[in-house]
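Letter by letter, the chains look like this.
There are 2 protein chains.
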Amino acid sequence: MAKELPKLKTRITELLGIEHPIIQGGMAWVADHNLVVPVSEAGGLGVIGAGSMTPSQLVGEIMAVRAGTSKPFAVNVPMTRPDAAKLIRICLEQDVKIVFTSAGNPAVFTPQLKEKGVTVIHVVSSVRHALKAERAGVDAVVAEGWEAGGHVSREETCTLTLVPQVVDALQIPVIAAGGIADARGFVAALALGAEAVQIGTRFAATVEANCSIYYKNAIVRAEDAATVVVTRSLQPTRVIRNAFAEQLLRAEQRGVQEPQLRDMLGEGRSRLGIVDGDLSEGLLEAGQSAGLVKALRTVELIFEEFLNGYREVLKRLEGLQQRR
Amino acid sequence: MAKELPKLKTRITELLGIEHPIIQGGMAWVADHNLVVPVSEAGGLGVIGAGSMTPSQLVGEIMAVRAGTSKPFAVNVPMTRPDAAKLIRICLEQDVKIVFTSAGNPAVFTPQLKEKGVTVIHVVSSVRHALKAERAGVDAVVAEGWEAGGHVSREETCTLTLVPQVVDALQIPVIAAGGIADARGFVAALALGAEAVQIGTRFAATVEANCSIYYKNAIVRAEDAATVVVTRSLQPTRVIRNAFAEQLLRAEQRGVQEPQLRDMLGEGRSRLGIVDGDLSEGLLEAGQSAGLVKALRTVELIFEEFLNGYREVLKRLEGLQQRR
Numbered sequence: 561m562a563k564e565l566p567k568l569k570t571r572i573t574e575l576l577g578i579e580h581p582i583i584q585g586g587m588a589w590v591a592d593h594n595l596v597v598p599v600s601e602a603g604g605l606g607v608i609g610a611g612s613m614t615p616s617q618l619v620g621e622i623m624a625v626r627a628g629t630s631k632p633f634a635v636n637v638p639m640t641r642p643d644a645a646k647l648i649r650i651c652l653e654q655d656v657k658i659v660f661t662s663a664g665n666p667a668v669f670t671p672q673l674k675e676k677g678v679t680v681i682h683v684v685s686s687v688r689h690a691l692k693a694e695r696a697g698v699d700a701v702v703a704e705g706w707e708a709g710g711h712v713s714r715e716e717t718c719t720l721t722l723v724p725q726v727v728d729a730l731q732i733p734v735i736a737a738g739g740i741a742d743a744r745g746f747v748a749a750l751a752l753g754a755e756a757v758q759i760g761t762r763f764a765a766t767v768e769a770n771c772s773i774y775y776k777n778a779i780v781r782a783e784d785a786a787t788v789v790v791t792r793s794l795q796p797t798r799v800i801r802n803a804f805a806e807q808l809l810r811a812e813q814r815g816v817q818e819p820q821l822r823d824m825l826g827e828g829r830s831r832l833g834i835v836d837g838d839l840s841e842g843l844l845e846a847g848q849s850a851g852l853v854k855a856l857r858t859v860e861l862i863f864e865e866f867l868n869g870y871r872e873v874l875k876r877l878e879g880l881q882q883r884r
Numbered sequence: 561m562a563k564e565l566p567k568l569k570t571r572i573t574e575l576l577g578i579e580h581p582i583i584q585g586g587m588a589w590v591a592d593h594n595l596v597v598p599v600s601e602a603g604g605l606g607v608i609g610a611g612s613m614t615p616s617q618l619v620g621e622i623m624a625v626r627a628g629t630s631k632p633f634a635v636n637v638p639m640t641r642p643d644a645a646k647l648i649r650i651c652l653e654q655d656v657k658i659v660f661t662s663a664g665n666p667a668v669f670t671p672q673l674k675e676k677g678v679t680v681i682h683v684v685s686s687v688r689h690a691l692k693a694e695r696a697g698v699d700a701v702v703a704e705g706w707e708a709g710g711h712v713s714r715e716e717t718c719t720l721t722l723v724p725q726v727v728d729a730l731q732i733p734v735i736a737a738g739g740i741a742d743a744r745g746f747v748a749a750l751a752l753g754a755e756a757v758q759i760g761t762r763f764a765a766t767v768e769a770n771c772s773i774y775y776k777n778a779i780v781r782a783e784d785a786a787t788v789v790v791t792r793s794l795q796p797t798r799v800i801r802n803a804f805a806e807q808l809l810r811a812e813q814r815g816v817q818e819p820q821l822r823d824m825l826g827e828g829r830s831r832l833g834i835v836d837g838d839l840s841e842g843l844l845e846a847g848q849s850a851g852l853v854k855a856l857r858t859v860e861l862i863f864e865e866f867l868n869g870y871r872e873v874l875k876r877l878e879g880l881q882q883r884r
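Sequence lines, in order, name chains A and B.
So the mapping is simple: our numbering equals the position in the first sequence, first residue as 1, plus 560.
So the mapping is simple: our numbering equals the position in the second sequence, first residue as 1, plus 560.
Any given hint could be a false lead.
Identical copies look the same in the list; a pair holds intra-copy or inter-copy alike.
Result set (DSS-like, lysine-lysine): computed pairs, CA atoms no more than 30 Å apart in a straight line [claimed, not checked]:
1. Lys854 to Lys692
2. Lys676 to Lys854
3. Lys875 to Lys569
4. Lys676 to Lys875
5. Lys674 to Lys854
6. Lys776 to Lys875
7. Lys646 to Lys569
Just so you know, these hints were derived from the structure itself, not from any lab.
Bear in mind the structure is a predicted one, so any value in this text is a computation, not a measurement.
Next comes chain A alone, as it looks inside the complex:
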């Protein structure tokens, strides 16, 4: 990068060997090499979202990232995938240095990953699961609040209250996720005790991300109350409210139970929304921070905004103090 940005040093930047405590969320259907390379090149951590990839696609994406950057990157493996073990094996075979695991028991893959020297980070949304991850030997956790896009927790604990409680409970460093899209949220997360932030929605609405421009524009147009959590009884998922989301909400309000809800949902709704850009029938996974995203940006510009903004916000907070 041309410009030298102010740097922040935390246990997470040290652990991962990155310049800035900014991690890009491994979003299904969004986080491929097109996004991962510029994030890692900018000095953050790009994360491949394996959740929506076949095993051979994952191999290809790892190779494509390596072709684009020599800086650190990671792979996110959601343990809800029936073939999660295969994706983990690929990470090991391809000598991936950092793996994020999510939505499952951290004790399943952590030992074999740690044995091979891989840095393991587990995504949690409660203190109980955070403690479990620490006991399983992970190096850090992502504490993801209910504001986040896509799959969210049943506990519904928000970032503002989750992060400090996880920080208090653990010895290992904590990455804050959910609801952060600008320098103000970045400073807020670090004030809460996080040592890095994981950013999803803001990075989906970038020039570089390889998802539909219609989906990106839906994020840009989203206002503060644009998102809603659907399929609470199956797997709570935060999406931008659209015709299909309304249909799911009405069904749930009528007390429609799991099998019928699963039928309604069918397969491939997220792909339909995110990749194909079907704004009425697809699921438009996005966090509450969509309301803060007012324009498409390049990845580089987002780093500039976060890091220059950090200094500006701190200066403002210092300025509130009255000198005597």
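Mind docking chain B on chain A? Use the hints.
For chain B alone, coordinates are given in the frame of chain A:
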């Protein structure tokens, strides 16, 4: 107070004539003169919660507050009260200088209050309502996130994403509420652009608050996932999960509709929980920040923690910056 605490100056401290940008939430069944006096004496803004008071009780409480402090205080009038106009008239008759209105149309009472020179603050949970309040002529808004205790919004927008969007949309100053219980959340809220915080749950679990010790202890014992939103289809309300809350949740999951739900709810459940301390059959209104409350505190100690903590958190955030 004996000790001189560091002071922060914002448009809210100027507007209200208070020393610290810390406002105590006007909680029904909790916020009477026992709590309001020490908060105002500590240099924050104590707020009488008229929501659970008869008109004559409100008169008595205003007099009791004036007997205890000569510093600024306010009254919160929830517009859901059928006799809200009467409560507003009492505020005018008693020459109350600051009135908070909530849960209703800000255009209804603002003109008559402003005409008498009263400072008016309206509680909002969306950008749309914030703009409406500003247009109605209020002096400031409380932007209350979904983490908050008691009545919460249908939009479910959390503090971390709500506050910066309301700040961006308005000219008047914004007070952040929901999910804040310590210095970390205090700094986070000001980083987001708020010019003060409104604190509910943390002030309910004080030595001074005149609510049941059983209810206070339920807050202290609460863990991160302790609260839940019940009666989403009537009036979403965040409470600590207990036997009665579970019963409501099960009914809603079965698709039980409004009239039966209203029957189940009956009258006086919040009073039963908060005043009488019935931990299984009462509604224990509390915010997600209950998980951060680990001990009963005096009001004075909370002010010390927030204000000394502000400096410590800022110092930590400054320390992350790498010198070249």
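Evaluation of the provided hints:
1. Proximity of Lys854 and Lys692 under a CA criterion of 30 Å is satisfied inter-copy only: 21 Å between copies versus 38 Å inside one chain copy.
2. For a Cα distance limit of 30 Å, the shortest separation of Lys676 from Lys854 qualifies neither inside one copy, at 43 Å, nor across copies, at 40 Å.
3. In this assembly of identical chains, Lys875 and Lys569 lie within 30 Å of each other by CA distance both inside one copy and across copies; the values are 18 Å within and 14 Å between.
4. For the homomeric pair Lys676 and Lys875, neither the shortest alpha-carbon distance inside one copy (44 Å) nor that between copies (38 Å) is at most 30 Å.
5. For a Cα distance limit of 30 Å, the shortest separation of Lys674 from Lys854 qualifies neither inside one copy, at 41 Å, nor across copies, at 35 Å.
6. Taking CA atoms no more than 30 Å apart as the test, Lys776 paired with Lys875 passes in neither setting, with 33 Å inside one copy and 38 Å between copies.
7. For a Cα distance limit of 30 Å, the shortest separation of Lys646 from Lys569 qualifies neither inside one copy, at 35 Å, nor across copies, at 57 Å.
When the structure is compared with the earlier hints, violations turn up for hints 2, 4, 5, 6 and 7 and for no others.
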